[in-house]
Amino acid sequence: MMGKSLLTCSVAALLLGTGSLAAQETLKIGVADALTGGAAVYGLPQANSVEMAADEINAAGGISVGDETYMLDVIVYDDKANPTEATNAVRKLIDRDGVKYILGFCCSGATGAIASFIGYEDAVMLVGNAAERSITTQGLTNLVRTRPPADYTGAAAGAFVARQGHKRVAVLGALETSFYASYVEAFEEEFAKSGGEVIAHEVFASKDRDMSPQLTKIRAMDPDALLVVGYVEPAAFAYRQSTELGMDIPRYGFTSGSEEQFLRVATTEQMEGVWDLRPTELTLQSTTDAGLAYHEHYLERFGDAPSPSSPYAYDQAWALKHAIEAAGSVDDTEAVAAALRDLKIFPEAVMQYRPVNGKMFDDNGQAYTANGAFQWQDGHWVFVEELPSDPEAYSEFLSSLN
Amino acid sequence: MKFKTLLMLAALVLFLALPQLITVKYYLHLCILALIWVIMAQGQNLIQGYTGYVSIVQAGFMGIGAYSSALMGSHFGLPVGMTIILAPLVTAVFALVAGYPSLRVKGHYFAIVTLAFNMVIFIVLLNFTHLTNGEAGISGIHKPGYGRGAMIDFYDRQVYYYFVLAIAVLMTTLAAVIVRSRIGQILLAIRQNEDLVASVGVAAWRYKLFAFVISAMFAGLAGALYAHYQSFINPEIFGVAQSMDAILAVIIGGSGTLTGPVIGAFFVVFLPEYLRFADSFRLILYGLILVLATIFMPRGIVGLARDLGTRFGGRK
Amino acid sequence: MTEILQQIINGIAIGGVYVLIALGLTIVFGILGIAHFAHGSVSMFGGYLTFFLAAQHGIPLALAITIALITGMVLGVLIELLAYRPVRHANHINAFIVALGLTMMVEGANLQFFGAEQIVIPTGATRVFSIGGVTLPELRLYVILAAAALIAAMTIFVEKTKTGQAIRAVAENRDAAILMGINVQMIPLVVFAISTALGVAAGVMVGSLFAIAPGVGEGLVVKGFAVLILGGLGSIPGAVVGGIVLGVTEALAAGFISSAYKDVIAFVVMIAVLLLRPQGLMGRA
Numbered sequence: 001m002m003g004k005s006l007l008t009c010s011v012a013a014l015l016l017g018t019g020s021l022a023a024q025e026t027l028k029i030g031v032a033d034a035l036t037g038g039a040a041v042y043g044l045p046q047a048n049s050v051e052m053a054a055d056e057i058n059a060a061g062g063i064s065v066g067d068e069t070y071m072l073d074v075i076v077y078d079d080k081a082n083p084t085e086a087t088n089a090v091r092k093l094i095d096r097d098g099v100k101y102i103l104g105f106c107c108s109g110a111t112g113a114i115a116s117f118i119g120y121e122d123a124v125m126l127v128g129n130a131a132e133r134s135i136t137t138q139g140l141t142n143l144v145r146t147r148p149p150a151d152y153t154g155a156a157a158g159a160f161v162a163r164q165g166h167k168r169v170a171v172l173g174a175l176e177t178s179f180y181a182s183y184v185e186a187f188e189e190e191f192a193k194s195g196g197e198v199i200a201h202e203v204f205a206s207k208d209r210d211m212s213p214q215l216t217k218i219r220a221m222d223p224d225a226l227l228v229v230g231y232v233e234p235a236a237f238a239y240r241q242s243t244e245l246g247m248d249i250p251r252y253g254f255t256s257g258s259e260e261q262f263l264r265v266a267t268t269e270q271m272e273g274v275w276d277l278r279p280t281e282l283t284l285q286s287t288t289d290a291g292l293a294y295h296e297h298y299l300e301r302f303g304d305a306p307s308p309s310s311p312y313a314y315d316q317a318w319a320l321k322h323a324i325e326a327a328g329s330v331d332d333t334e335a336v337a338a339a340l341r342d343l344k345i346f347p348e349a350v351m352q353y354r355p356v357n358g359k360m361f362d363d364n365g366q367a368y369t370a371n372g373a374f375q376w377q378d379g380h381w382v383f384v385e386e387l388p389s390d391p392e393a394y395s396e397f398l399s400s401l402n
Numbered sequence: 001m002k003f004k005t006l007l008m009l010a011a012l013v014l015f016l017a018l019p020q021l022i023t024v025k026y027y028l029h030l031c032i033l034a035l036i037w038v039i040m041a042q043g044q045n046l047i048q049g050y051t052g053y054v055s056i057v058q059a060g061f062m063g064i065g066a067y068s069s070a071l072m073g074s075h076f077g078l079p080v081g082m083t084i085i086l087a088p089l090v091t092a093v094f095a096l097v098a099g100y101p102s103l104r105v106k107g108h109y110f111a112i113v114t115l116a117f118n119m120v121i122f123i124v125l126l127n128f129t130h131l132t133n134g135e136a137g138i139s140g141i142h143k144p145g146y147g148r149g150a151m152i153d154f155y156d157r158q159v160y161y162y163f164v165l166a167i168a169v170l171m172t173t174l175a176a177v178i179v180r181s182r183i184g185q186i187l188l189a190i191r192q193n194e195d196l197v198a199s200v201g202v203a204a205w206r207y208k209l210f211a212f213v214i215s216a217m218f219a220g221l222a223g224a225l226y227a228h229y230q231s232f233i234n235p236e237i238f239g240v241a242q243s244m245d246a247i248l249a250v251i252i253g254g255s256g257t258l259t260g261p262v263i264g265a266f267f268v269v270f271l272p273e274y275l276r277f278a279d280s281f282r283l284i285l286y287g288l289i290l291v292l293a294t295i296f297m298p299r300g301i302v303g304l305a306r307d308l309g310t311r312f313g314g315r316k
Numbered sequence: 001m002t003e004i005l006q007q008i009i010n011g012i013a014i015g016g017v018y019v020l021i022a023l024g025l026t027i028v029f030g031i032l033g034i035a036h037f038a039h040g041s042v043s044m045f046g047g048y049l050t051f052f053l054a055a056q057h058g059i060p061l062a063l064a065i066t067i068a069l070i071t072g073m074v075l076g077v078l079i080e081l082l083a084y085r086p087v088r089h090a091n092h093i094n095a096f097i098v099a100l101g102l103t104m105m106v107e108g109a110n111l112q113f114f115g116a117e118q119i120v121i122p123t124g125a126t127r128v129f130s131i132g133g134v135t136l137p138e139l140r141l142y143v144i145l146a147a148a149a150l151i152a153a154m155t156i157f158v159e160k161t162k163t164g165q166a167i168r169a170v171a172e173n174r175d176a177a178i179l180m181g182i183n184v185q186m187i188p189l190v191v192f193a194i195s196t197a198l199g200v201a202a203g204v205m206v207g208s209l210f211a212i213a214p215g216v217g218e219g220l221v222v223k224g225f226a227v228l229i230l231g232g233l234g235s236i237p238g239a240v241v242g243g244i245v246l247g248v249t250e251a252l253a254a255g256f257i258s259s260a261y262k263d264v265i266a267f268v269v270m271i272a273v274l275l276l277r278p279q280g281l282m283g284r285a
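Chains as they are written, first to last, in our numbering: chain R, 1 to 402; chain D, 1 to 316; chain S, 1 to 285.
Isolated chain R (complex conformation) (with noise of 0.2 Å):
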């Protein structure tokens, strides 16, 4: 009898407990992202960003949908970048966390292998920094992209560079990853409108670190100018040795390093001049007072500073926030992703995106930055001036693709 009332006591003060908490639930929201490998660069710092912001929404009080507030509670798994490891995440997420919106994804080829079957399922996909196009191309209304693809930067790239006076642009780059090929041709295209051409397309691969061969070949075609397309690590040595051959003529790039990632392989005198053509993302000399309270924060959580594109996936977070209150609800996937669609640009946002139509996505569930030229003068990347870009056009034309 005893033992009974005691039970019964623990259950009413359980539901209680819980009674009390009713107005409060918890909402998970997961993480595919590369936290090992080559790639958790780019990976680790969006899952870290992703945490922060959770934890900043929740602060401020979580998602009021109707009469109920949700926490965010964030589940994060290792994709490592790799496509099979990226689906054994994702339908984790979804089949036994029960997990409808997905953030994250700085890599291409992951990316890829999600949005191949993430249109069938019950959940949204918000898309970071994996630059590859055609994610957004193919029609997925539950998918949305806060980082515009390579080619929007590259038509700016072009623009840019022709402004300059070159004629014979040498280009020399991983242009075995789709999305470096697609601003090289963007590049081309918009180069060759006023009288352009690229007159060499010279490759390395992702782990090849003697360029030599490549650039000596380059420098006897005499080229106005160089553009290096790929990921610092071996783009820092095509700089270095591109000087070690004597080489002196104007140098372009589309890496994204930042100033410590170069001055490991060359000295700053060898990266003197040189420009990197690329989204603004987040740079302290050109952020807002969003970007500068991320990076303040971001460096007392984690230690270190944030790199540069991780507030692509910070930004993801927060719309999504702002998507669900719009919709009313957490679990009609459709009504939050069509929200997103309809976001406009909200002033958490670190990254400095240009509205199309007066929304932050357009109809493909593509966002769009400024693009900046940013040129390494005496040790330091010292943005220049904003790059040329039409987030209006280059969106229809998007829009026209498949």
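The reader is advised that the hints may include incorrect statements.
Examples of chain S residues lying across from chain R (beta carbon under 10 Å, computed) [what the hints assert, rightly or not]:
{"id": "1", "residue": "Gly-11"}
{"id": "2", "residue": "Leu-111"}
{"id": "3", "residue": "Ala-211"}
{"id": "4", "residue": "Ala-213"}
{"id": "5", "residue": "Gly-215"}
{"id": "6", "residue": "Ala-254"}
{"id": "7", "residue": "Tyr-261"}
Quick look at which bits of chain R chain D covers, simulated, 3 or more residues with Cβ under 8 Å [said to hold, decoys possible]:
{"id": "8", "segment": "76 to 88"}
{"id": "9", "segment": "96 to 110"}
{"id": "10", "segment": "115 to 127"}
{"id": "11", "segment": "131 to 138"}
{"id": "12", "segment": "175 to 189"}
These are calculated hints, taken from the structure and not from any lab test.
This structure is a prediction, so every number in the text was calculated from the model and none was measured.
Positions of the beta carbon are idealized from the N, C-alpha and C atoms, including for glycine.
Following the hints, put chains D and S in place on chain R, whose structure we already have.
The following block gives chains D and S in isolation, referenced to the frame of chain R:
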């Protein structure tokens, strides 16, 4: 013998009942991958376990199978069922070309040359973008059957599970037939003493080439099944690391046995799930398992089980 | 003409690295019959260690390299004792699988200790020599000279010293060597120590001239074996010639045929040699 048949039947029943036993669908997904790996591992076992030649190109052949099946579908509009059958044949052609020079060198050097081939396949998949779309990969690969919601709907993972299970059983049976045939006996003899085989007037290289090509066909088939299951492929998953996993599967399961690759395949697919806590040590741990297993358990889990079985049986 | 000369110069420096890797492989293979696949990863461990000591702890570079060389020799001895010796009498396939397992372990350990980001050993050597339009960075010259010195030292050791003669005796006829009173238990240890030291030297070169990152060692060991196939298995002159041929072939292929497929072209050359001259360029038929 009777006990063995009983055991096999029990295993088959278990495999048939598995989808009903699994409550979390994620594990069904892993089981499908594991069954695809059973086919891979059976192929690897023919060349590695029975013939005694370590081939480090299986993942590359898997890639050829995957890409050829996907591309035949998208370029020539062939039905998926047909491309899955054609994919191993395409792979066989590549294996013939690769195998002929590779098999001129014995032992270790065969392994190195095949590894070089895996690298070549990887580089070509990555750079031949007109056909392969490079690193971005091919997405939207069709499933077999008549699309979503058809009577037999391959988008339903349970259906795909049984589909792959049937093929895995078929291929395991095929491996058994080859091993028990005269060819299989010669392959075993080559493993024991190749010079002796040559000295009795058997053209050993033909048999080695046969084993190599057949093993490639297994891998090509696995690749095709993989492509149509995942609907997405890119070069990343067909690199040398994946070939190493095939070797690991055979060694762990038990090389030169038919059950070994089955156990080994499930091992390599499921082990990472249970090693998540030690994710950063995974590579070290895998390597350690490989070294220790080779030194102390050269006949794999199956060999260990047999030893235990005979000891247990002996006491009775 | 400048272009061809420049490409040959470009190829010789990387060729020197290939030669050192191949030398380490060829003595292990020629004398012990082991395809030491983990050699590349172990070599990179030496490069990492040098970086760790020199760049992160401020130890002078020469001292750091010496410590790395000695550590490498110890590691080589341990690998022989703990991993290869237990499978010495088993089927040759077992030794190779042990080698694969070792590769994974060493790669994993490198990743764990030194991280996934690429490292470059700082040398401060940034001068560039230029003769008639052909440029040669100071550092590349040092690498070529160091490789030449090591090749010479290695040849003298094998030809002139007592230990070297004992090693050759074991390689030629193990039983006769035992009768001659050579301690055959010791020989594999010496061979692995030398082999790993050569590898560490190559690792330091790769780390200062280029960079060390996950996967670099595996890539190099495959090139090393390609050199052996080119030059002739177990042949020291073959490793030297093969390494330089491979380095220059790659540079010329990248410069004049296709940079995307330069590795493919290098492997095609290897396979062509295999078909036309299976004993290698310098091997005896």
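Could you tell me which of the hints above the structure violates, numbers in ascending order?
-> No hint contradicted; all consistent.
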